[in-house]
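Engineer: Sequence:
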Amino acid sequence: MDYIPILVLVLSFVGLLSIGTPVAWSISISSVLTMLVSIPALPAFTTVSQRMGTGLDSFALLAIPFFILSGQLMNKGGIAHRLIAFAKTLVGSLPGGLALINVIGAMLMGAIAGSAMASASAMGSILGPEMEKEGYSKEFGAAVNITSATTGLIIPPSNVLIVYSLASGGVSIAALFLAGYIPGIITGLFLMLVAMFWAKKKKYKLGKRSSLKDVFKTFIDAVPSLFLLIIVIGGIVTGIFTATEASAIAVLYTLILGFAYKEISFKTLPQILLDSASTTAVVMLLIGASMSMSWVMSFENIPQSISASLLAISDNPIIILLIINLILLFVGIFMDMTPAVLIFTPIFLPVVEGLGMDPIQFGIIMVLNLCIGLCTPPVGSVLFVGVGVAETTIQKVMKPLLPLFLAMVVALFLVTYFPQLTLWLPSVFNL
100 MDYIPILVLV LSFVGLLSIG TPVAWSISIS SVLTMLVSIP ALPAFTTVSQ
150 RMGTGLDSFA LLAIPFFILS GQLMNKGGIA HRLIAFAKTL VGSLPGGLAL
200 INVIGAMLMG AIAGSAMASA SAMGSILGPE MEKEGYSKEF GAAVNITSAT
250 TGLIIPPSNV LIVYSLASGG VSIAALFLAG YIPGIITGLF LMLVAMFWAK
300 KKKYKLGKRS SLKDVFKTFI DAVPSLFLLI IVIGGIVTGI FTATEASAIA
350 VLYTLILGFA YKEISFKTLP QILLDSASTT AVVMLLIGAS MSMSWVMSFE
400 NIPQSISASL LAISDNPIII LLIINLILLF VGIFMDMTPA VLIFTPIFLP
450 VVEGLGMDPI QFGIIMVLNL CIGLCTPPVG SVLFVGVGVA ETTIQKVMKP
500 LLPLFLAMVV ALFLVTYFPQ LTLWLPSVFN L
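Remember, the working numbering sits 99 above the position in the sequence shown when you count from 1.
I should point out that these hints are in silico values taken from the structure, not numbers from a laboratory. Be aware that one or more of the hints could be misleading.
Below, computed lysine-lysine pairings styled on DSSO-like, alpha-carbon distance capped at 27 angstroms [said to hold, decoys possible]:
1. Lys302 with Lys175
2. Lys304 with Lys498
3. Lys361 with Lys299
4. Lys237 with Lys312
5. Lys498 with Lys301
6. Lys237 with Lys302
Throw the hints in and build the complete structure from the sequences for me.
Structural biologist: Following this line, the structure appears as structure tokens:
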């Protein structure tokens, strides 16, 4: 077994990241250096650049810029306010009511927008000041916001699940979307339990109970926003349209909703389009670079080498899955979610399939793993957004963040070792 390509790839990638090289550049350069082990310079450079281009040549990837744009439109279109108002009438009177509102609001936002950063920004800016006014610590509010925002990447529609479908060789996007609901809800419930326990311990005051009339009124206000969920997921699952077509419909629907709510105007629209284009460019560069690295690893037989090494450690599925989870948790600390999915899916998917695991279940396990990484320094993008919105520091947020991390890890291990949590809903719809 030749370990030189693996060493070159790992050492060059880690070395470039450690000196502050952008992730996409680190991936591309380490891919070229790995190819130079086997072939001359000119073919190495041309092959990597060609693979970056062909990696983006996929109709399924067209859904990503559309979902990013729909997420921006939702963030600016008054949808978050209505979802928060609805969540407030449901759980506002429970211990840690405002924290629970944050979690439920983030889950609803995720079920509509599918963007963790949009959720963290919207929920943090709206609920953060209100939580401080009610006596909650700024750090606790930020910690709840950061962790709950990631549920939007598990609960569909989710751009990361589309990327996983591409990396896995075409696992059904509709099946992945349905598979994300129960794990996403379980994660949210665990976060709520921790928030309630923390609120009781700190003796935060309770909110007033809402009447059925208030619940009904806020629900009616939120219905147009929630209806998007039925249109997008219902349309995909029933086969009326593909995920890509659904993403375009989501943009049109949210744009009309934003104008109807008078939160979006022709004056603000150019900036929304510009922000969406900027985010899309970053994501697509990461995808192109990651696809080139995936091809390089396949060329050098790196996935097969790592698979053989893992299976040499143990043939016990529980141990192998534990090792894979620990590796992915470690990877999530240092790498952004999109390249991690594209790079590590070809490595670990053959291993878990050899153990009898469904690729749909593994997709949810991988995304849930990497969601935890989004909340951890040094590259946790959602962590930085949440801390920035709350105007606090990472050091201060870490203490209330730790029990919420633990809740997410417990949810991860339940999803790993109880397949029906992931596979039951897709089986109901014969997916």
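Engineer: Each hint: holds or not?
Structural biologist: So, going through the hints one by one against the coordinates:
1. Lys302 with Lys175: violated (34 angstroms)
2. Lys304 with Lys498: holds (21 angstroms)
3. Lys361 with Lys299: With a Cα-Cα distance of about 39 angstroms, the restraint between Lys361 and Lys299 is violated, given a limit of 27 angstroms.
4. Lys237 with Lys312: violated (32 angstroms)
5. Lys498 with Lys301: Holds, because 14 angstroms separates the two Cα atoms, which is no more than 27 angstroms.
6. Lys237 with Lys302: This hinted pair holds, its Cα atoms lying about 15 angstroms apart.
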